[in-house]
Every structure is written in C-alpha cells, then in structure tokens.
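Based on these hints, arrange chain V on the given structure of chain Y.
Those protein sequences? They're chains Y and V, same order as listed.
For what it's worth, this note's numbering labels the leading residue of the first sequence as 1, then goes sequentially.
For what it's worth, this note's numbering labels the leading residue of the second sequence as 1, then goes sequentially.
All clues stand as given, with none of them false.
Computed footprint of chain V on chain Y, listed as stretches where at least three residues anywhere in the stretch have a Cβ under 8 angstroms from a Cβ of chain V:
id : region
1  : 39–49
2  : 96–109
3  : 224–231
Derived CB-CB ranges, DEER-like:
id : chain 1 : residue 1 : chain 2 : residue 2 : range
4  : V       : 29        : Y       : 110       : 44 to 50 angstroms
5  : Y       : 36        : V       : 27        : 44 to 50 angstroms
6  : Y       : 64        : V       : 26        : 23 to 29 angstroms
7  : Y       : 111       : V       : 26        : 34 to 40 angstroms
8  : V       : 26        : Y       : 169       : 37 to 43 angstroms
9  : V       : 29        : Y       : 111       : 40 to 46 angstroms
10 : Y       : 111       : V       : 10        : 17 to 23 angstroms
11 : V       : 18        : Y       : 107       : 21 to 27 angstroms
12 : Y       : 155       : V       : 26        : 25 to 31 angstroms
13 : V       : 18        : Y       : 76        : 27 to 33 angstroms
14 : V       : 27        : Y       : 72        : 31 to 37 angstroms
15 : Y       : 107       : V       : 26        : 33 to 39 angstroms
16 : V       : 29        : Y       : 164       : 37 to 43 angstroms
17 : Y       : 106       : V       : 27        : 34 to 40 angstroms
Hints listed in this document are in silico derivations from the structure and should not be mistaken for laboratory results.
Computed from a predicted model, the values in this text were never measured in an experiment.
Don't be surprised by glycine CBs; every beta carbon is placed ideally from N, CA and C.
As a plain string of letters, each chain reads:
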Amino acid sequence: MRSTQLRRLRRAIGAAALVGVAATAWLGLVVTPPAEFFGNLVRLLYVHPSMAWVAFLAFGVTTLASALYLWRRTRRPAWDLLAAASAEVGVVFTGLTLVTGSIWGRPTWGVWWTWDALLTATAVLFLLYLGYLALRRVPMSEERRGVRSAVWALIAFVDVPIINQSVYWWRTLHQRPSLSIGPTNAVEVHGIMAVALAVSFVSFTLTWVWMVWVRFDLARRQRALEQLELAHAIAERLESVEAGS
Amino acid sequence: MNGYVVAGYLAVAVGLGGYWLWLGLLARRLRRRERELGVREGHDGSLA
Numbered sequence: 001m002r003s004t005q006l007r008r009l010r011r012a013i014g015a016a017a018l019v020g021v022a023a024t025a026w027l028g029l030v031v032t033p034p035a036e037f038f039g040n041l042v043r044l045l046y047v048h049p050s051m052a053w054v055a056f057l058a059f060g061v062t063t064l065a066s067a068l069y070l071w072r073r074t075r076r077p078a079w080d081l082l083a084a085a086s087a088e089v090g091v092v093f094t095g096l097t098l099v100t101g102s103i104w105g106r107p108t109w110g111v112w113w114t115w116d117a118l119l120t121a122t123a124v125l126f127l128l129y130l131g132y133l134a135l136r137r138v139p140m141s142e143e144r145r146g147v148r149s150a151v152w153a154l155i156a157f158v159d160v161p162i163i164n165q166s167v168y169w170w171r172t173l174h175q176r177p178s179l180s181i182g183p184t185n186a187v188e189v190h191g192i193m194a195v196a197l198a199v200s201f202v203s204f205t206l207t208w209v210w211m212v213w214v215r216f217d218l219a220r221r222q223r224a225l226e227q228l229e230l231a232h233a234i235a236e237r238l239e240s241v242e243a244g245s
Numbered sequence: 001m002n003g004y005v006v007a008g009y010l011a012v013a014v015g016l017g018g019y020w021l022w023l024g025l026l027a028r029r030l031r032r033r034e035r036e037l038g039v040r041e042g043h044d045g046s047l048a
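So that you can see chain V by itself, here it is in the shape it has in the complex:
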C-alpha cells in the first residue's frame, strides 16, 4: 500500500479518534462534578 494513502487514513483515524477520546474525558469530568454536587446525572437545566 502507498505510504501517503496509509498516512492519510491514519491522520483521519487519529483526528476523529482523538476528538472522541476528548469528548469521553469531558463527559467523565462532568459526571464526577455532578456527583460531587449531588445533581442527577444528565441533568441539563433549563435552556428556555
């Protein structure tokens, strides 16, 4: 397989995978803070 092709697909995997991991870390941090404050998990307040 062409090295440039592999590099392109790897870049996409690392970019999207990295963002997915970051979302996971953010969610974990939020869940911990929600537990500390005694908020029901997933509570989103009013956006009206």
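The shape of chain Y in the complex, shown without the other chains:
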C-alpha cells in the first residue's frame, strides 16, 4: 500500500474513532436507561471496562513487539518503536481505567480507593509501564535501550494475567466480569445497554489504533531526524579538524 493510501486509511480510522467515541457518550449519557440497582451510575460502565480492555490490548502488543525485537532473526528498530508507542498509549488508558474506576468506587463502595487485589495490581501495572517509559529516556545506545526495555516489557506483562484472575484468586470489592458467554453468574447486559457497551469497546479500540499509529509515525520521524543531526554534527567536526590541520 502506498503512503498516501496509508495516510488516508489512518485518517479514516481517526474519524471513525471520533464518531464512535461521540456515539458512546450519546448512548451512555442519553439513550440508555438507568439500571435497576445502580441507577444512573451504570452509565460509567460504558466507559470503564473498555478503557481496561484497551490498556491490556496495548500492553499485549508491546509485549509481542518486544519479543520480536529480542529475537535476533526479527530484530528491527520498528518493533522497538511500536512497543514504545503502544506502551505510551496503554499508560494513558490505564490511568483512565484507574480514574474512572475510582469515580465508580466512591458512590458504590463508599471509598475512592482501597488496597483491593485488583485495584492494587492495576496501580502496579500503571507504575510498571511508567517505569518502562522512564527507562526509554535513559541515555544509552539504541540497541541497548531496545533490548533493556523489551526485557522490562516482558516482565511487566506478567501483571496482566494477575489482574485478570485477581477477582477469582482473592476476595475483592471489584465485581467479576460483567460480560461472558454461556451460563454464568455475571450481570446480564442486553438490548440497548449491550449496544452501548459494544460501541464503546469498538470505538476505544479504534482510538487506540489511531493513537499508536500516529505515535509510531512520529517516533520513526524523530529517530530519522536524530540520525541526520548526528551525521551533520560529525561532518561539521570533521570539517573543523581538517581546517585546523
């Protein structure tokens, strides 16, 4: 695919994400009815679970790209840049998961925050990936940075299945997943509420795709500029040495 076509595709994804997010807000705030037990608070569930899903997806892609970078046969700077772009967007979505979860917790559990297993593991995930982004800012060679941050990313991802299973392993305030296939004791979501939830999952996933794509593109342009600046600096230095001799 040519670069102009790719740019058009990216723009189309961005526009679809924007329309989807607006539709999520409209469905969540206006169209859907209040729930029997939670009342209007149920409207927060049209954004909170999709934020968490996107965060896990983002860190999953970071892990995959990091593994591809670590494997010598597939080692390309592009994998490292993709891992970083996805992690950065993942951190934004994890932050929003924590904030929207806290806003949900205050009226339903009576506290903004509690050291519950799931909440604590999610906060640890946030800190782990903030650490990953901080590690990437430490001055070192490109390859060393790539390898070190890829190893960090693989270790950090261990927290994702822990978060996912924490509601089964420990007694937590957080409810078990609300959406599941087959006979379970999960909360039933159907009709327009299921539509709102589906629209939310799709639109925030598209938002993630668009943001990672843009961030990745900026990162590789930044990398190209840094290489050019280095080449200019070396050429200038050589010129001054030659002029001096």
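For chain V alone, coordinates are given in the frame of chain Y:
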C-alpha cells in the same frame, strides 16, 4: 445527571483529548525541525 457520571465522562474526554493535543504539539515540533534541516516532510529514514 449524576455528578459522578459527568466526572467520569469528563475524565475520559480530558485524558484522551490531552494526549491528542500532546501528539499534535509533538508533530508540530517535528515538522519545524524537519523544515530547519531541509528534510522532506514525513521522511522516516530506514527502519530495516
């Protein structure tokens, strides 16, 4: 509308909107630097 609900949706709007703005600022800074160095806009070098 419930205040907590409004706060939740506002948080999402501010978070995602803020990141989108930051990406825009980063792109602007890059474009300016590319112009200064005489690089074709959008040039990404080789990633092979």
